[in-house]
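Protein chains in written order, with the numbering used here: chain L, 1 to 183; chain D, 1 to 265.
Warning: the hint list may mix true and false statements.
Output of the computed footprint for chain D on chain L, the stretches with three or more beta carbons under 8 Å from beta carbons of chain D [what the hints assert, rightly or not]: (1) 22–30; (2) 36–50; (3) 53–59; (4) 115–121.
Derived by calculation from the structure, the hints in this document are not laboratory data.
In this text the structure is predicted, and so the values were computed from the model without any measurement.
Where a beta carbon is used, it is the ideal one built from N, C-alpha and C, also for glycine.
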Amino acid sequence: MPASAAPIDFTTAFGRLLRDGALRDALAANPRRVVEQLGVREQDRPALLHLVPADLEYQAEILLRKRLGVVREFIPETLRRLAGDAWPRFHHYARRHWPDAPHSGLRDAHAFAGFLQATQPGAICDREWNRLEFFRKQQRLAVHWVRRRGEDRAGWWRGELQLLVRTGRQAGRGAEWLLHFQL
Amino acid sequence: MMTGLGYRRELAAWIATQPRGVECLEITAEHFYPGAGAPPGQLARLAGQYHLFVHGLGLSLGTPGPLDRHQLDQFARVVQAANPDWISEHVAFTRTAEGDLGYLNPVPPTREMVRIVAEHAREVAERCGKPILLENITSHVRLPGELAETDFLNELCARADCGLLLDVTNLFINSRNHGFDPLAWVRELEPRRITQLHIVGYSRAGQRYTDGHAEPIQEELIELARAIVSRAPVQAIILERDEDFPEPRELEVEIAKLARISRPD
Ligand SMILES: [Fe+2]
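Okay, chain D solo, but in the shape it has when bound (with noise of 0.2 Å):
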């Protein structure tokens, strides 16, 4: 399993450094397009340093109806330049017919959404020409269907032939705002499916978890990341952290961190 992280701006001079126990980065899609700021031929120096997966935020797969051409387009470009080993996007939706939404919001786990994710899914994948990876996000509604959510992920994941980008702490945060047992939920899923986990600590407000994408990951993300890593042929883990990024030494340690789950002492 290789471990990595999250390519942020304010992190890139000491990703080039080539840090120990960096031996892949996440790229956001978003973040390459047209006027995000990104130097030149940023990708190509990056791919030749790393193993690449580009993520997207934005493709909202979960909008009824045709996938913004637009996009996918730019999306696609990005794909070219960085050459990832695989893509990925959220099993979610950002935008509807009537305006954009900003950011990711939960689908209801029906049949009619399988359809629709994973067609849009399959467009991506083979508009760009890599294996795609869905992922679970965290949802702060409960959203009913005629699934269990496990259901409705394995059934997507078939139908769009694709694997699974397991947010580890995505899935603590439901299971602790919702009320259930994260581990019982991952032992629904078809274990062969789960092919990345992304991890970083989670935040509270009140009695609410949240995504902060802010904290050192706590030893709880650590035990639940290392039960899915031991029943599931997981191949990269990536740190995915967003904000008050801390210095160096630190990033160095939550490297580590996430070596040891594959590799307990």
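Chain L with its partners taken away, still in its complex shape (with noise of 0.2 Å):
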């Protein structure tokens, strides 16, 4: 955590902090060094100085929250089956990690799933996982065989042939199509 060269203003800090599970980690623990550290302008201190490290962190939930909202467009079958898993799962991920624009819901929950695959890879469905990396590697064309657990009946497996097209320049929502041939 160096001091940058520059003194920053409150909303440079603030936003770092919301970001940045481990600052407010830091910050909690000793106030006057993270703020000495991040280099806050003198006139700003005060109202850092002043925060309370329970909002501070629920503020900083009320973010993960919208994320995990928008990384549900992405993935909501995998989400389904982490059930009252998927905001402990998410949020101990999230926490850590702060995906980069452009396409940020795309790139968290290919980051999300990433994390998954790692810790509890069952939970991961699989075409949310292609068409994760289909839009990731901007493909023009790719074709999955996919092996899908059956709702109906217990141990019933069935395939299913995922065609993914991607018709315009702009890759993540909105430009691609998803064809689904159930066999």
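Join the two chains into one complex using the hints; note that each chain is given alone, in its own frame.
Now the structure itself:
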């Protein structure tokens, strides 16, 4: 956490705190040290030192819940499988990781799915993972054979042909088509 | 006082029937940006049926430095298509020079921030050729500054020469979470600035009150709105429901509650 050359203003410092859970932990443990290390302008220091850690954490959590709402648009089935675990798992990942724009929702969903891949692979819906990879790699066409557990009978599997076609030049939402052929 | 609601895709079919009591609609500008999926011609159709207001979420008036040109251009295009009575944005920041935060965050009540938000608000109003209102947000942190929050809002509206969009629910939530009297807070505001109200039921998570925009309006909020309307020239009240949309019948009950705020029985 090196001090920047030029002092930063309240908004910049507050923004860094809202994006970075580890920085919030450090502020809660030693506020003066963190404010000093951030290189905050003298006139803005009292406001940062005044922050109540639990309130700051809650304000940050509001942003994480908004992120989860955006991520849900990319991986609804994965989150449905996680059920009550979805928020704790996302919170664990998102508190340490902030996606960079552009297409930050797509990047976030992909990074979260990568996190799940490493920690809880059974939770990821294959079709959604294929779609995220397709978007991320900006492919024009991709075909996948996906095995899916049948919902009508226990122990029943069905195959599915997933065909992804990109029609526009823009990556991310709104420019791609997704076609499923169920066999 | 007109009564209406925030236009949401999920409510489009019901809104198209021009339900009783819905006199105006508030359009969220970002929902009509390119790529957001709004059908072409939708704004023109709505403008033919209702008084419209255009509400922004992402202009980030509280970020020091210039406004995001691309965002402002997109916002101005929506305003042009909707031809609203007025436009509005939040007293908040959603991005910093280092990146996007994705949602509204509070600004400290300082004279420097009055200048930053007011200059940005004036720029947006001038660019769009429409009057602008500024809205109070829910904040889970209380930021100290040179000014009391109400003095900050009064100075801000004076400097930006604009009105206030008073979100009754946000005020109520902040008053509960931070332990102050919402009516005393309202009495400190310049009444003539209060032009529009937002209202929706609050949510609760443990000890905290939150703005989930997913609950029916509670009676305490109706009482607070009534007290505000009795002392300010409010021109419109908007139901700001974003989640867990109820059946049309229930929405009509909610709208009827709003109508009763200005016409108590
Ligand atoms: Fe609001």
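Tested hints:
no., hint, in the structure
1, 22–30, "violated (count 0)"
2, 36–50, "holds (count 4)"
3, 53–59, "holds (count 4)"
4, 115–121, "violated (count 0)"
Of the numbered hints stated above, those contradicted by the structure are hints 1, 4, listed in ascending order.
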